[in-house]
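Participant: Letter by letter, the chains look like this.
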Amino acid sequence: MAIEIIPKGEIKLPFWLIVLGVFAIILLIGFLGSYLYLEISIRKMSQEIQEKEPILTPLIEAIEKKEEELNPIEKKIDDFGELLQKHKIPLNIFNFLEKICLPTVWFSDFDFTSEDREVIVSGHTDTFVTLEQQILVLKQDPLVKSLNISGVSINEEGKVDFTFLLAFATQIFK
Amino acid sequence: MMQRPILIIIVGSLILLAIGGYFLWWPEYQEFGDKKLEVEREDAKIKQKEEYFSRLESFSDRLSGYNDELAKIDFALPSEPSIAALFIFFQKTISENGLILKDTNLGELFSSEIQGTLEERIQKMPFSVSVTGSYPALKNFLSVIYRNTRLIEVNSISFPSAEEGLFTFNLALETHAYQQKSEKKEAEIPE
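As given, the protein sequences belong to chains D and L, one line each in that order. The first sequence begins at -13 in my numbering and counts up by one. The second sequence begins at 189 in my numbering and counts up by one.
No lab work stands behind these hints: they were computed from the structure. Everything numeric in this text was worked out from a predicted model, so none of it was measured. Careful: at least some of the hints might be erroneous.
[To be verified] Derived, one-sided and incomplete: chain D residues facing chain L with beta-carbon distance under 8 Å:
#1 Ile15
#2 Ile26
#3 Ser32
#4 Lys38
#5 Glu47
#6 Val123
#7 Asp127
[Unchecked claim] Some chain L residues flagged as far from chain D (calculated, every beta-carbon gap over 12 Å):
#8 Glu216
#9 Lys280
#10 Asn328
#11 Ser349
[As the list claims (entries may be wrong)] Straight-line distance between alpha carbons at most 16 Å, and here's what the computed EDC-like set of lysine to aspartate or glutamate pairs gives:
#12 L/Lys233 / D/Glu39
#13 D/Lys74 / D/Glu101
#14 L/Lys237 / D/Glu50
#15 L/Lys237 / D/Asp102
#16 D/Lys30 / L/Glu226
#17 D/Lys160 / D/Glu101
#18 D/Lys125 / D/Asp112
#19 D/Lys52 / L/Glu245
#20 L/Lys224 / D/Glu37
#21 D/Lys52 / L/Glu226
#22 L/Lys237 / D/Glu39
#23 D/Lys74 / D/Glu50
#24 D/Lys131 / D/Glu101
#25 D/Lys52 / L/Glu284
#26 D/Lys131 / D/Asp112
#27 D/Lys51 / L/Glu268
#28 D/Lys62 / L/Glu226
#29 D/Lys131 / D/Asp102
#30 D/Lys145 / D/Asp102
#31 D/Lys74 / D/Glu104
#32 D/Lys72 / D/Asp102
Glycine is no exception: its CB is placed at the ideal position from the N, C-alpha and C atoms.
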């Protein structure tokens, strides 16, 4: 009996199956390739972050050192500026009183307190009319915030004694 | 008949790819994104700190050009004020302006209790002086005090009526001492 070898017929795959197979292979290559890329990049970036630490630490230390050196100076300059702004010129009070004092008015006892910007000044003048004029001059001046008059009397010499309590605006010291 | 196992292999591979994509690839991708952001943040942080440090350096350089002014500030606000120097200054200024020193109360300055709380860096040091002289002499004296770099404040001035043009002026004055505290300005360090 003769043995005959039957030749195998070519396997014919449908086109859609080939497309699907190629698609699966491309997807697999893409998956593995991108996974590898991500893994390498993550390792690289982790190393990069670790390498930045030694740069940052001395920089922070240098900043702190510089700040420790500069902050007290800055504060002192600021404090000095504030103090300088509050620095008052008491001389202005005298200049003001000299300027507004009428020729026939004499100031004598003087009491000035810087905190309240108040002056208690006693004095005398010839007549009530002059006193009234002096009061008017004071009241019209914008540097005078308030004016209180007390102790108005006629002394032994026939002159008019008075006491003013003057409260000044802050601009008086500028 | 051969189509079936091939199809099963392809579909199985696709399912495995989807599962692998969800459980392996996606977390890896997210970690990648996080790391990228972290690197960017670190870079920005270093850049910001470098800029801040360079600003501090330039401020420090500029400040070194104002040594005279800083010395004046140190003189106005000394951390260890010399009461003797202050007394000598007053004695000199009073006599130079034609006044006579009648009485001083600098004792308050020697007392250990300097006014002002610990929180306050500027500490007030009050004292009083009583002088005799003319009204113009007082004005000159006040002018010198005002211009003095020690920043002496005149808190009050009082004087009664003059006898033969000579007044007795009572002045309450105040000078300052500075208490420097070493404290870090942490809030201003940029993050």
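Participant: Output the numbers, in ascending order, of every earlier hint that fails for this structure.
Facilitator: 1, 2, 5, 6, 7, 8, 10, 11, 15, 18, 21, 23, 25, 26, 27, 28, 30
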